[in-house]
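Chain by chain, the residues run as shown.
There are 2 protein chains.
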Amino acid sequence: MHKPSKTIGEDAVSNSKPVTVLVNPTVSEAEKAVKEAVSQHKTLLIVGECQVYYQGRAKSKLQLGERIMIVKDDGSLLVHRSVGYEPVNWQPPGCVFHTKAKEDTLEIHAVRQKPAESVRVFFGKIYLVSVLKLLDSGEFSLYSSEEDMQKAILSQPSLLEEGFKPISFEKKVEPGFVDVYGVDKSGRLVVVEIKRKTAGKGAALQLARYIDAIRGKADREVRGILAAPSIAKDTQRMLVTLGLEFKHLDPRKCAEVLRRSETKNLSEFFEET
Amino acid sequence: MHKPSKTIGEDAVSNSKPVTVLVNPTVSEAEKAVKEAVSQHKTLLIVGECQVYYQGRAKSKLQLGERIMIVKDDGSLLVHRSVGYEPVNWQPPGCVFHTKAKEDTLEIHAVRQKPAESVRVFFGKIYLVSVLKLLDSGEFSLYSSEEDMQKAILSQPSLLEEGFKPISFEKKVEPGFVDVYGVDKSGRLVVVEIKRKTAGKGAALQLARYIDAIRGKADREVRGILAAPSIAKDTQRMLVTLGLEFKHLDPRKCAEVLRRSETKNLSEFFEET
Chain A
1 MHKPSKTIGE DAVSNSKPVT VLVNPTVSEA EKAVKEAVSQ HKTLLIVGEC QVYYQGRAKS
61 KLQLGERIMI VKDDGSLLVH RSVGYEPVNW QPPGCVFHTK AKEDTLEIHA VRQKPAESVR
121 VFFGKIYLVS VLKLLDSGEF SLYSSEEDMQ KAILSQPSLL EEGFKPISFE KKVEPGFVDV
181 YGVDKSGRLV VVEIKRKTAG KGAALQLARY IDAIRGKADR EVRGILAAPS IAKDTQRMLV
241 TLGLEFKHLD PRKCAEVLRR SETKNLSEFF EET
Chain B
1 MHKPSKTIGE DAVSNSKPVT VLVNPTVSEA EKAVKEAVSQ HKTLLIVGEC QVYYQGRAKS
61 KLQLGERIMI VKDDGSLLVH RSVGYEPVNW QPPGCVFHTK AKEDTLEIHA VRQKPAESVR
121 VFFGKIYLVS VLKLLDSGEF SLYSSEEDMQ KAILSQPSLL EEGFKPISFE KKVEPGFVDV
181 YGVDKSGRLV VVEIKRKTAG KGAALQLARY IDAIRGKADR EVRGILAAPS IAKDTQRMLV
241 TLGLEFKHLD PRKCAEVLRR SETKNLSEFF EET
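Protein chains in written order, with this note's numbering: chain A, 1 to 273; chain B, 1 to 273.
Honestly, I wouldn't trust all of these hints.
Each pair may be met inside one copy or between any two copies, as identical chains are not told apart.
[As the list claims (entries may be wrong)] No farther apart than 30 Å at their CA atoms in a straight line, the calculated lysine-lysine pairs in the BS3-like style are these:
{"hint": "1", "residue 1": "100", "residue 2": "165"}
{"hint": "2", "residue 1": "17", "residue 2": "100"}
{"hint": "3", "residue 1": "185", "residue 2": "165"}
{"hint": "4", "residue 1": "247", "residue 2": "61"}
{"hint": "5", "residue 1": "32", "residue 2": "217"}
{"hint": "6", "residue 1": "59", "residue 2": "233"}
{"hint": "7", "residue 1": "253", "residue 2": "59"}
{"hint": "8", "residue 1": "17", "residue 2": "35"}
{"hint": "9", "residue 1": "151", "residue 2": "59"}
{"hint": "10", "residue 1": "197", "residue 2": "114"}
Calculated directly from the structure, the hints in this document are not laboratory data.
Looking at chain A on its own, in the form it has when it is part of the complex (with noise of 0.2 Å):
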């Protein structure tokens, strides 16, 4: 015998912020909740016992346990297990949804087409459901230092793009210190100049200044590349006509860079012993 849900529906706290709550639902009650989040593109939160199989870039297989799983407002798909900072599954913004019940599962089909991937979770016991609009217009901003974002990119050179080399860093260069020095897919020589913040002229001089030192000795082509979260509009001009490039590098990312590759550093530690 299924024992009531206690549902808290939208009338019962019309003086704050409606929310749905079902706690113990039956398949049937569920399924028209996440139908409900799906179709009005809220935000769709439910715990309960599932198994989950990824098709895709590669094929997986998670069997039964208990976990959360999140539906965002864009049609992405997170299923969390108690531990780990990493979704077991996930799925990129822009799913579409196909919500089943059948008998005792539900199931919840969320599928990509470009590249095709698909996640299926069927829930066997769900102990909580809940749907909400989640009103968020509020700012990220970060502060990173260039010596990080030179870490990052060091670490992942691709950061600056595909088949970068690093070779050294703060290569001593007259008049001063080059951020990033390396070489490029068709190997060019590649001088990089970091900027934390909005890169303006004189970011440009100081990397042209390095350019025409480094252009009298080297052997080969020399690429100028001034990287920052942005440049300032005069600049983008004076770099065209110096002939260096500007390369968009996102701060965060390149803090996540660093965490990550410390985190999982980490874990694959454990992992080992």
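The hints should help you fit chain B onto chain A, whose structure is shown.
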């Protein structure tokens, strides 16, 4: 005037999963639930309006908005917005939590020691708090193709080892084709043989044949690496005898590297257009 929260305590659902659910709780009710979750290593879900401050590898600030926060059994923390599959803020497992209710604000402070990092979440409004003990021993298994593991190494060569630079793949070397061929950070040639399952003697001998064929022609030292999720016990000894190496290569990590690079490229495309 605060509206009394609807509380569904553990007693109310004694025949089902014990689930603590608070809808629109007061700050002090929420504080009690958070402290219970953290001290008993349970999973905590909070939905509410918050600000988030991160300090560590960089500094970040997230302005007021409605979000989902998850604290897991292992002391990891996630803050999710209503869009995007990646968390806006996160801390890996092992955090120490400090919870404080101050007037109308609930502060949750997640501290990590090495490296020193801290995330502070300030909730002004709380819509939902849930505390659960998730039981999950389900195995996660992933099947990836050797071709995709190869693509992953080409896309992120540090999966093999730091400083590795691929030169080519599917390179014809009698008696067949080398999976990945490159140079290590010391300039030695590296021949990589990939297996998607436990590598056995056959794989080791195959690699040895390639190495033999290349050593005859190369002007420098040649290394042979067998990259696979695991290696058969008897094969480990054979590898040593043959002067070859084994590298643990996780098919799941390979699949994630490919998915994330595809997804990121997509989101970067949207950012720039």
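Hint check against the structure, violated hint numbers in rising order: Violated hints: 1 and 5; rest satisfied.
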